[in-house]
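Chains as they are written, first to last, in numbering that gives the first Met the number 0: chain A, 0 to 134; chain B, 0 to 133.
Think of the hints as simulated: they come from the structure by calculation, not from any bench. Just so it is clear, the structure is predicted and the values come from calculations on it, not from any experiment. Fair warning: there could be bad hints in the mix.
[Stated by the list, open to error] Restraint ranges, calculated between C-beta atoms of paired labels, are given here:
#	chain 1	residue 1	chain 2	residue 2	range
1	B	G83	A	V70	40 to 50 Å
2	A	S63	B	A40	41 to 51 Å
3	B	I36	A	V102	52 to 62 Å
4	A	L94	B	I41	45 to 55 Å
5	B	N74	A	R109	20 to 30 Å
6	B	Y106	A	V118	42 to 52 Å
7	A	R111	B	N38	53 to 63 Å
8	A	L94	B	V72	34 to 44 Å
9	B	I36	A	S63	30 to 40 Å
10	B	G83	A	V95	32 to 42 Å
11	B	I36	A	A20	32 to 42 Å
12	A	A21	B	W52	26 to 36 Å
Where is the CB? At the ideal position from N, CA and C, for every residue including glycine.
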Amino acid sequence: MVVARAYSVPERITLFGVGCAAIATVYPTVSAHTGLELPCPLRTLTGIPCPFCGLTTATVALVSGDAAGAVAASPLAILVAALVIGTLPILVGRLVGLGRAPVPWSARTRRRVGWVAGVLVAGSWVFQLHRFHWL
Amino acid sequence: MTYAPSTTTYANWGQRVGAFLIDVLPNIVLGIIGYVIGNTAISLLFDLVIIAWWVYNRGYLAGTTGQSWGKKVLNLRLIGEATGQPIGFGMALLRDICHIVDNVICYVGWLFPLWDAKRQTLADKILKTVVVPA
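Given only the sequences and the hints, what does the whole structure look like? Please build it.
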């Protein structure tokens, strides 16, 4: 029988978040030397920020210990960081064989989480619109 | 170590990123060589080769067989959600154009397979396509 490790959604986001944190430690240096950046296409084209603007700035601030700077750039990044920090021990525990494999969410739970995520993203958009003086 | 039987019928995010990186690798190499040479005519020629390769690999191969080079290496297949069959040349090209939507919101559309039930990007949702293990 073919078996595969099944990661839960928070675990997948956590793995991605850890990767982003690692990249954020070298991003300022790489950016300074090469000029490479990750501008928001929507903001570049229209001037209007998207809900996810500020995530790069906030992640770089977080890994350098500047929590206030991170909040000022994107509170959404703080929530993602909290998810990563909260889920990391569970993920590591599972990887070393402690605990059972995650159970897939029911359609109802997935829908509820989707609504919560949608509200958070909408809130982030309002924040970014305010940050860039559209509100 | 505890393993769960695989219930996944869709390619995961890591596999999809790997396949995409393989697809764009020739373009990156040619782009860098063209940039280093610095000759306008050669750069233009390389740009045309890059576009032709993209259309062949991501349009023709992915559209008609379900497998671009990257997907073939990673053993994945691009299919229509409803039909389960390759989506065709034009739709495969259109899907890549629709990836603009994934880019617009700070590239977060590309991350949707991390949490989406069908592991779809926004472009996949627009065109009703999925990527599955071959």
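Hint check:
no. : hint                        : result
1   : B:G83 x A:V70: 40 to 50 Å   : holds (47 Å)
2   : A:S63 x B:A40: 41 to 51 Å   : holds (45 Å)
3   : B:I36 x A:V102: 52 to 62 Å  : holds (55 Å)
4   : A:L94 x B:I41: 45 to 55 Å   : holds (49 Å)
5   : B:N74 x A:R109: 20 to 30 Å  : holds (27 Å)
6   : B:Y106 x A:V118: 42 to 52 Å : violated (22 Å)
7   : A:R111 x B:N38: 53 to 63 Å  : holds (58 Å)
8   : A:L94 x B:V72: 34 to 44 Å   : violated (26 Å)
9   : B:I36 x A:S63: 30 to 40 Å   : holds (39 Å)
10  : B:G83 x A:V95: 32 to 42 Å   : holds (38 Å)
11  : B:I36 x A:A20: 32 to 42 Å   : holds (37 Å)
12  : A:A21 x B:W52: 26 to 36 Å   : holds (31 Å)
In summary, the numbered hints that this structure violates are 6, 8.
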